[in-house]
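Asks: The chain contents come next:
There are 4 protein chains.
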Amino acid sequence: MDKYKKLKEEAYQANLEIPKQGLAIYTWGNVSAFDKYLGVFAIKPSGVAYDKLSLNDMVIIDLDGQKVDGKLNPSSDTPTHLQLYKQFSGINGICHTHSPYATAWAQAMKSIPLLGTTHADHLANPIICTKALSKEQVENGYEENTGILIYKTFKDPSSAQEILNVGPYPFREINPVQNPMVLVGGHGPFSWGKDALSSVYNARVLEEVAKMAMWVNSINPAFTQLPSHITKKHYDRKHGKNAYYGQE
Amino acid sequence: MDKYKKLKEEAYQANLEIPKQGLAIYTWGNVSAFDKYLGVFAIKPSGVAYDKLSLNDMVIIDLDGQKVDGKLNPSSDTPTHLQLYKQFSGINGICHTHSPYATAWAQAMKSIPLLGTTHADHLANPIICTKALSKEQVENGYEENTGILIYKTFKDPSSAQEILNVGPYPFREINPVQNPMVLVGGHGPFSWGKDALSSVYNARVLEEVAKMAMWVNSINPAFTQLPSHITKKHYDRKHGKNAYYGQE
Amino acid sequence: MDKYKKLKEEAYQANLEIPKQGLAIYTWGNVSAFDKYLGVFAIKPSGVAYDKLSLNDMVIIDLDGQKVDGKLNPSSDTPTHLQLYKQFSGINGICHTHSPYATAWAQAMKSIPLLGTTHADHLANPIICTKALSKEQVENGYEENTGILIYKTFKDPSSAQEILNVGPYPFREINPVQNPMVLVGGHGPFSWGKDALSSVYNARVLEEVAKMAMWVNSINPAFTQLPSHITKKHYDRKHGKNAYYGQE
Amino acid sequence: MDKYKKLKEEAYQANLEIPKQGLAIYTWGNVSAFDKYLGVFAIKPSGVAYDKLSLNDMVIIDLDGQKVDGKLNPSSDTPTHLQLYKQFSGINGICHTHSPYATAWAQAMKSIPLLGTTHADHLANPIICTKALSKEQVENGYEENTGILIYKTFKDPSSAQEILNVGPYPFREINPVQNPMVLVGGHGPFSWGKDALSSVYNARVLEEVAKMAMWVNSINPAFTQLPSHITKKHYDRKHGKNAYYGQE
Numbered sequence: 172m173d174k175y176k177k178l179k180e181e182a183y184q185a186n187l188e189i190p191k192q193g194l195a196i197y198t199w200g201n202v203s204a205f206d207k208y209l210g211v212f213a214i215k216p217s218g219v220a221y222d223k224l225s226l227n228d229m230v231i232i233d234l235d236g237q238k239v240d241g242k243l244n245p246s247s248d249t250p251t252h253l254q255l256y257k258q259f260s261g262i263n264g265i266c267h268t269h270s271p272y273a274t275a276w277a278q279a280m281k282s283i284p285l286l287g288t289t290h291a292d293h294l295a296n297p298i299i300c301t302k303a304l305s306k307e308q309v310e311n312g313y314e315e316n317t318g319i320l321i322y323k324t325f326k327d328p329s330s331a332q333e334i335l336n337v338g339p340y341p342f343r344e345i346n347p348v349q350n351p352m353v354l355v356g357g358h359g360p361f362s363w364g365k366d367a368l369s370s371v372y373n374a375r376v377l378e379e380v381a382k383m384a385m386w387v388n389s390i391n392p393a394f395t396q397l398p399s400h401i402t403k404k405h406y407d408r409k410h411g412k413n414a415y416y417g418q419e
Numbered sequence: 172m173d174k175y176k177k178l179k180e181e182a183y184q185a186n187l188e189i190p191k192q193g194l195a196i197y198t199w200g201n202v203s204a205f206d207k208y209l210g211v212f213a214i215k216p217s218g219v220a221y222d223k224l225s226l227n228d229m230v231i232i233d234l235d236g237q238k239v240d241g242k243l244n245p246s247s248d249t250p251t252h253l254q255l256y257k258q259f260s261g262i263n264g265i266c267h268t269h270s271p272y273a274t275a276w277a278q279a280m281k282s283i284p285l286l287g288t289t290h291a292d293h294l295a296n297p298i299i300c301t302k303a304l305s306k307e308q309v310e311n312g313y314e315e316n317t318g319i320l321i322y323k324t325f326k327d328p329s330s331a332q333e334i335l336n337v338g339p340y341p342f343r344e345i346n347p348v349q350n351p352m353v354l355v356g357g358h359g360p361f362s363w364g365k366d367a368l369s370s371v372y373n374a375r376v377l378e379e380v381a382k383m384a385m386w387v388n389s390i391n392p393a394f395t396q397l398p399s400h401i402t403k404k405h406y407d408r409k410h411g412k413n414a415y416y417g418q419e
Numbered sequence: 172m173d174k175y176k177k178l179k180e181e182a183y184q185a186n187l188e189i190p191k192q193g194l195a196i197y198t199w200g201n202v203s204a205f206d207k208y209l210g211v212f213a214i215k216p217s218g219v220a221y222d223k224l225s226l227n228d229m230v231i232i233d234l235d236g237q238k239v240d241g242k243l244n245p246s247s248d249t250p251t252h253l254q255l256y257k258q259f260s261g262i263n264g265i266c267h268t269h270s271p272y273a274t275a276w277a278q279a280m281k282s283i284p285l286l287g288t289t290h291a292d293h294l295a296n297p298i299i300c301t302k303a304l305s306k307e308q309v310e311n312g313y314e315e316n317t318g319i320l321i322y323k324t325f326k327d328p329s330s331a332q333e334i335l336n337v338g339p340y341p342f343r344e345i346n347p348v349q350n351p352m353v354l355v356g357g358h359g360p361f362s363w364g365k366d367a368l369s370s371v372y373n374a375r376v377l378e379e380v381a382k383m384a385m386w387v388n389s390i391n392p393a394f395t396q397l398p399s400h401i402t403k404k405h406y407d408r409k410h411g412k413n414a415y416y417g418q419e
Numbered sequence: 172m173d174k175y176k177k178l179k180e181e182a183y184q185a186n187l188e189i190p191k192q193g194l195a196i197y198t199w200g201n202v203s204a205f206d207k208y209l210g211v212f213a214i215k216p217s218g219v220a221y222d223k224l225s226l227n228d229m230v231i232i233d234l235d236g237q238k239v240d241g242k243l244n245p246s247s248d249t250p251t252h253l254q255l256y257k258q259f260s261g262i263n264g265i266c267h268t269h270s271p272y273a274t275a276w277a278q279a280m281k282s283i284p285l286l287g288t289t290h291a292d293h294l295a296n297p298i299i300c301t302k303a304l305s306k307e308q309v310e311n312g313y314e315e316n317t318g319i320l321i322y323k324t325f326k327d328p329s330s331a332q333e334i335l336n337v338g339p340y341p342f343r344e345i346n347p348v349q350n351p352m353v354l355v356g357g358h359g360p361f362s363w364g365k366d367a368l369s370s371v372y373n374a375r376v377l378e379e380v381a382k383m384a385m386w387v388n389s390i391n392p393a394f395t396q397l398p399s400h401i402t403k404k405h406y407d408r409k410h411g412k413n414a415y416y417g418q419e
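Protein chains in written order, with the working numbering: chain L, 172 to 419; chain C, 172 to 419; chain X, 172 to 419; chain E, 172 to 419.
Keep in mind the hints are simulated off the structure, nothing from the lab.
Misleading hints may appear alongside valid ones.
Heads up, the list lumps identical chains together, so a pair's fine if it works in one copy or across two of them.
Stated by the list, open to error - Straight-line alpha carbon distances no greater than 20 Å define the calculated EDC-like cross-link-like pairs of lysine to aspartate or glutamate that follow:
#1 223 <-> 419
#2 238 <-> 407
#3 191 <-> 222
#4 412 <-> 314
In this text, all values refer to a predicted model and were calculated from it rather than measured experimentally.
Could you put together the complete structure from these sequences and hints?
Replies: Shown next, in the form of structure tokens:
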């Protein structure tokens, strides 16, 4: 009996969701699923195409970053996942892709302004874009430092890249549970959630929001952000105390 | 025997048309079907994915906004649908989505200019974008006020957002039967029609027209609207007294 | 025995190619097939969706514009097809769609510059955009006048809309067999060819060329046209006297 | 027994990958597979649609450019493939398409800047765009000269088109094995690799990178290239001496 079977199954299904949602071609994305009681996460093996992937290819990693189960090498982004699980409590799934609209914003080095209710239905802040990593951060533990950079930017968003057409990030700290996505400057999106499938759902949300925001800029480069009384309403009706969206 | 069965079937089929036409991902859209003799409409339940939806999930709402049949919670946008059925006579289906091109225009806070015959084949005016709702409108009956805002903007289009590159809306009043679509500023599109499927058809028309208009602006930012002798001709050959498009 | 059966079959198959190539949604396009010996053409009936279309729905029209076979009303664009068959000798198929990239150029009122070999493989000139029709042309035989406008613009391209970023059309006359496509200003594309399927092929070529040209303008608004020694080479290696592309 | 069977099979499968990856419509692309021991390559026949193609249609060409097996005419681009096989040692597959994003950059006459890790995962330099061929180069062996132009531009990139928003190409020479793709100015992309399928993979990479770069320019026209400490890291973790991406 494999005590990791359920976790592998969760990670496996969520990885298959990446190409199904059009978020990555070839091997350009990975998802992990975390079990806080077992203290491990299951992650996609490195460089394996989605249509070649099988349940047992999933690799189990503990919180020291050690492989505890699986024959293949884990995703090269594994240390980034590890850092996020250690630093962001309450998240149990992480997704990384190179989905093109989100990646274009990351390459443009701009945080995504909060322009509409589609965005506000899912998070109540602009979507943050981190700085690019420094030479030192790249040379001494690149993937680990990517996770640390995300964490630190959430702690102090004044270090984030400017919001397009708006300016510096206006908050003191960002709650990662309420803002389950980020752009790593020059690289691409990471997203997370209460489980692995939720992290892919948030990756798809980010891609759609990034696409719309690019188009808004094309239609009206003098756009302004949506007033907070609307964005807060939309966020709260889905996620607030008195949420009334969906079935209980 | 379920006296609402036919209405539920109409709403159900029209909701399935949303993902088929690429107008929404996940649960990001809803359609209702109205029966004026029964004085009720059938609407999608809140937060249910299209591929999980079944005929009997449809919720029946009367003109007081009360649920008269169905186990699930209705779409959170139900009060918007209700207002539109009460205020716009002659419409029997309403569709709301976050289709990306139309939503980008709504987020850009611009009405869509009348640039070609594709647009004029379906409506003879620019596509109106309302203001964003005020703090008061959001806090005291947000969804209901969304419907009222649409209605009031059709009554007095001088309050609408400017038409891109053209200026203020040039008409005194807009006929909702002849102009079966609108953008709610900062939010997204609503459309309607003589039945539920027509409202989805009009949502698809709006998405195509919004896409083309964005591209026209990219090719030639100094574009002008099409002369009214052409737009009127196209509208009339399909919808006028002496229409000669289609089979009778 | 139906003497028009072969012609109907050709028109029917070519109409089905429209949605297959993504050139139109719903009923937004039509193809006809001409037989110069019989002196008639077969055309799509008006307002019938592609997936409802059957072989026997095709309508046969003679060169006086009279219906000689078929139960349904022909496409409302039939008089445009008729004019083109009468005025452009050597063409036996015509296609009209509202494909979005080509239509965006038509709405932008700009002729498409000759920017690359993809374009030059199929025609050696910019793709012409006509003026919009005048009030008089619209009110007295709109569809017929659309055909006449196309014909006259090919005879005298100095009346065409400017080529984006280039200027007025540089030729005295345009050969419709070597330039099998046009944009009608504010409306959309028409294309033609040696048979009905070729006209749809040319509609697809136009859509691809229009897309690329819009993107070139986005990447480099200071673009210039490709030198004629290259465009002529590409056209001639496929269509010239000593063509060496393809199998004989 | 056909001694070229394996090579034809490789070329055939790689050609089928072109439409599967959305890189060309109709007949607008071709792949060849090279066997350096046999001193020949297998290439797609000219003007044959992918869905009509069969294994035995592949044409075998030797290094003198002579057809040594096959009934059909080879791709008209055959002399370009031949030049690249002769001049670039270590490549065994070549792909040419008119994929729209890459072709738009080629038509815009701009080299593609190195903006992100998606690009750097596959090549560590900007993607070069050659000059357009001169009148003389076109008239005396156009396809052969296309190959020679690519080769010469890799030898001396100072002759390449400027990198968008960056300026002249900054290197003295470019290694074709590490930079397996190019844009021919005004024409479109060529790519290559260790085998025929790799050359199609690189064509798909180029298309995705070209798309993202166009979008970055739309979001932030003042973009800058990614620092080399990041791009080198990404290239090296996949392709360097101590690569740790993928399974060994």
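Asks: Evaluate residue 223 and residue 419 at a C-alpha cut-off of 20 Å and name the case that applies: within, between, both or neither.
Replies: between (38 Å within a copy, 16 Å between copies)
Asks: With identical chains, the pair residue 191 and residue 222 could be close in the same copy or across copies; at 20 Å between alpha carbons, which is it: within, between, both, or neither?
Replies: both (11 Å within a copy, 14 Å between copies)
Asks: With identical chains, the pair residue 412 and residue 314 could be close in the same copy or across copies; at 20 Å between alpha carbons, which is it: within, between, both, or neither?
Replies: between (37 Å within a copy, 18 Å between copies)
Asks: Check residue 238 against residue 407 for me: Cα-Cα at most 20 Å, and say if that holds within a copy, between copies, both or neither.
Replies: Neither. Shortest intra-copy (40 Å) and inter-copy (23 Å) distances fail the 20 Å Cα cut-off.
Checked against the numbered hints above, the structure breaks only hint 2 and satisfies the rest.
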